[in-house]
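Protein chains: 2
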Amino acid sequence: MSSPSSSLSKTDLEQQIQFLKEIDQLKSVIRKSPLINQSRRENSAEHSWHLAMYALILKDHADAPINLERVLKMLLIHDIVEIDAGDHPIHEAVDHAAQEAKELAAAERIFGLLPTAQGEELKALWFEFEAAQSDDARFAKSLDRLQPMMHNLETNGGTWTEANVTHEQAEQRYTPVIQSGSSSLWRYAKEQVDRFFLGKK
Amino acid sequence: MSSPSSSLSKTDLEQQIQFLKEIDQLKSVIRKSPLINQSRRENSAEHSWHLAMYALILKDHADAPINLERVLKMLLIHDIVEIDAGDHPIHEAVDHAAQEAKELAAAERIFGLLPTAQGEELKALWFEFEAAQSDDARFAKSLDRLQPMMHNLETNGGTWTEANVTHEQAEQRYTPVIQSGSSSLWRYAKEQVDRFFLGKK
Ligand SMILES: [Ca+2]
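Chains as they are written, first to last, in full-length UniProt numbering: chain R, 1 to 201; chain H, 1 to 201.
Certain hints may be false.
Which copy? The list can't say, so a pair holds if one copy fits it or any two copies do.
Unchecked claim - Derived BS3-like pairs: lysine-lysine, alpha-carbon spacing no greater than 25 Å straight-line:
1) K123 to K21
2) K200 to K59
3) K123 to K59
4) K32 to K190
5) K59 to K102
6) K200 to K21
7) K21 to K59
8) K190 to K21
9) K200 to K190
If you're looking for bench data, these hints aren't it; they were derived computationally from the structure.
Only chain R is shown next, with the shape it has when bound in the complex (with noise of 0.2 Å):
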């Protein structure tokens, strides 16, 4: 390295390009959700390519003024913790306090090889996202719901007649997340919900 300047940028690109090849991890990372065309079940990477889409497509359903994207930055990383975290599938029991502490650290350690101000700022992200306040969290939020919901809704039934979630349940655990982002998703999410539940009996 002839200076300085050069030296420091190399080291901060070697860092950029270690952290990127680390979380194509993510892509063996298995979910509860089926595809829509049942082949398998989906990975928490293109999961995470199809919550941006639904951002990018859906951002005039926001019941808040949202920066698009801070929200597609959200989405994007949202799940990186998994790669040492694993998922937690919402119709198991989990010990919270543990799966907290684990995705901590997780986060530590994977946007810890980033260059600092780089990786602080996509853990506050990955923080903002999880403590779901803000606007922008909210609405990245009810779209990690509404997702989800529209599989099952395409798959008999998917991780719903899996776990044998009840009507009420998938109301309970689905609604309330993308209420509090969107109301036209809301109330197109109920509405869903209602006739897929309804219908079987």
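Take the given structure of chain R and dock chain H with the ligand to it, following the hints.
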């Protein structure tokens, strides 16, 4: 529906949901590139997620000022036409005119599922990516070459080894496109390609 405007937005939402279900099929379009852990080949949906992460992480390496939100959108949608037109691997001969016609028809059909203005916006963004003339598109294209290159380097040559690609062919097929968006990523890429092929001698 109680009013024309709510009836209109219901129809928009239904079209948007139809599109979001349709593009689930991108998860079943299989590329030549291996995952880094070599467990299987990559699909085009998770590849699109990985490229969006490349953009988010490497944005400061673009030579020209870029609009990150537009680059993210471009990369998220850039392969959707493959649902109808298939992937055309870089190391295989292809009838370019026929492939282009298939992709154009695919863009019309798939983006045509959306409300008109939204479908037209995404189609224009896809054309811009394909044309590779704008700064945003050039940077997006450079990442679309860099990522599979990294996977080949991490997997003992990956598609280069499979297709008996020479050092010169690898340089020609990857580095000029990377260079057109980022000179620092190009320097890094050239160094890695040279090291890989010289190390094999
Ligand atoms: Ca999740």
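Within, between, both or neither, where K21 and K59 count as close if Cα-Cα is 25 Å or less: between (30 Å within a copy, 17 Å between copies)
Alpha-carbon proximity between K123 and K59, which holds within one copy, between copies, both or neither at 25 Å: both (23 Å within a copy, 18 Å between copies)
25 Å Cα threshold - placement of K59 relative to K200: neither (32 Å within a copy, 49 Å between copies)
Copy assignment of K200 with K190, given that the CA separation must stay at most 25 Å: Result: close within a single copy only, 16 Å intra versus 59 Å inter.
Intra- versus inter-subunit Cα pairing at 25 Å for K123 with K21: For K123 and K21, the Cα distance is within 25 Å only inside one copy (18 Å; across copies 31 Å).
Within, between, both or neither, where K59 and K102 count as close if Cα-Cα is 25 Å or less: neither (31 Å within a copy, 30 Å between copies)
Identical-chain pair category, K200 with K21, by Cα at 25 Å: between (45 Å within a copy, 22 Å between copies)
25 Å Cα threshold - placement of K21 relative to K190: Between copies only: 18 Å across, 40 Å inside.
Homomeric proximity label, K32 with K190: Cα distance no greater than 25 Å: within (22 Å within a copy, 41 Å between copies)
When each numbered hint is compared with the structure, violations occur for hints 2, 5.
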